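**Q** Working from the sequences, and respecting the hints, build out all of it.
2 protein chains.
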Amino acid sequence: MTVSAELVKQLRDKTNAGFMDCKKALAETKGDLDKAVDILRKRGVAVAAKKSSRTAKDGLVQSYIHMGGKIGVLVEINCETDFVARNESFQQFVKDVAMHVAAANPQYLKPEDVPAEIIEKEKEIMAGQAPDKPAHILEKMLVGKLNKFYAEVCLLEQPFVKDDKMKIKDYLNSVIANIGENILIRRFTRYQLGEEL
Amino acid sequence: MTVSAELVKQLRDKTNAGFMDCKKALAETKGDLDKAVDILRKRGVAVAAKKSSRTAKDGLVQSYIHMGGKIGVLVEINCETDFVARNESFQQFVKDVAMHVAAANPQYLKPEDVPAEIIEKEKEIMAGQAPDKPAHILEKMLVGKLNKFYAEVCLLEQPFVKDDKMKIKDYLNSVIANIGENILIRRFTRYQLGEEL
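Respectively, the protein sequence lines represent chains A and B. Residues in the first sequence are numbered from 119 upward in steps of one, following our numbering. Residues in the second sequence are numbered from 119 upward in steps of one, following our numbering.
No copy is singled out in the list; a pair is fine if it fits within one copy or between any two copies.
Distance condition first, Cα-Cα at most 30 angstroms in a straight line; then the derived DSBU-like pairs of lysine-lysine:
(1) K188 to K285
(2) K169 to K188
(3) K283 to K141
(4) K285 to K266
(5) K213 to K175
(6) K228 to K188
(7) K168 to K188
Derived from the structure by calculation, the hints contain no laboratory data. Computed from a predicted model, the values in this text were never measured in an experiment.
**A** The structure is reproduced here in C-alpha cells:
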C-alpha cells in the first residue's frame, strides 16, 4: 500500500524514528499509526538491548535553568563517540531530558535505584489500603501500584513532559535506534531554590 | 592624607568592597594596599558573622558548562531577599563560584564537611612521613598540613581561581559586607564527562 507523507511525518514526530523506518512500519500496519508506534518502540528496545553492552564514555554534561534561577538541573548523558556527542538529535535529547527533570522532578534514574526500604514502605501502605484481599490478588495489586509508583519517581519510567504518550525510556530507545550507538542517561541532579535538604 | 583614585581602584578590584570603604581603609593604612586588604577582610568577617544568623532562603540556582559539555557545575547560593538575588554583584559572585568549582574541583564545602575517616587517613599519611618527631611537634605539623589539605579540597578554603590572593570565603565575606545581607553557598555539584563515580 501507499503511505501518505503526512502519516509518515506524524509517526516521525511521535517516535523520532527515521523516514524509511516509519514508512516501513506504516506499510506493515496498513496505515495504523498506533500499531506502527508499537512496532518502532519494540525495534528501539531490541536495538537498545544490542547496543547496551558497548562502552559509552563520551557524551555531554548539560544544564537547564528554569525561571531565571529558581530551579536548576545538571545531567550527564553518555554516548560512544565524540561524533555522536555533536549530533543534533543527541543534543536535542540531552536538552529534553534536562528540561524534563526540571519539570517532573524524578528522584531516581530507574526502579532498581529505589532503596529497598522505600519500596517496603510503599508496599505496607498499599497492603493497608486493601487488608481483606487474598494474598494472590494483593500481590497483583502491588505490582500494578509499584509500577505506578515507579512512573512517578523514576526518570526512565516517567511520561515525557513534552509528549506524555512516550516514557523517557521509549524516547531513549528511539534515539539509540536512530543513532545506532549505545546511549545512557548516567546521572542527574536537580536543585530547587530553598528546598529542604 | 589624599588617596589616589588609582589606588582605590586597585583595592576595589582586590576586595570587591565599596568605593568609600576602600578610600577609608587606604587612609587608615596610609596607602598601604596589603594592609588595607586585611582591614577590609576583617571587616567582611565581622559583618558576615553578624549576618550569619539570618535566614537566607532566596537566591539563585545557576550552572556553568565548560568546554562545550565536558564539565558541568550546578550551584545554589542563598541570600535573604529576591531584591539581592537580582543584584549584579550577587549574580557575579554566583557566576564566579560556579566557574571556580568547574576549575578547582572542590570535594566539600567546608572543613567540617570532610568525613572523619578521611581526616584520620590524612593524619596517618602525614605522621608516617615524620615518624621520629616528638608528639607536640607532630601535632603542629599536622595542623599545618591539614589546613593545606582543606585549602585543596574545601570550596570555602580554596584560593579563588580568578584571584588566588583571596580565598572563596574572603570573597564571600566581601560580598556580604557590601550587600549587607546574609549570603551562603548552600551546595554545589560538579560533573566531569566519563569520570568514575
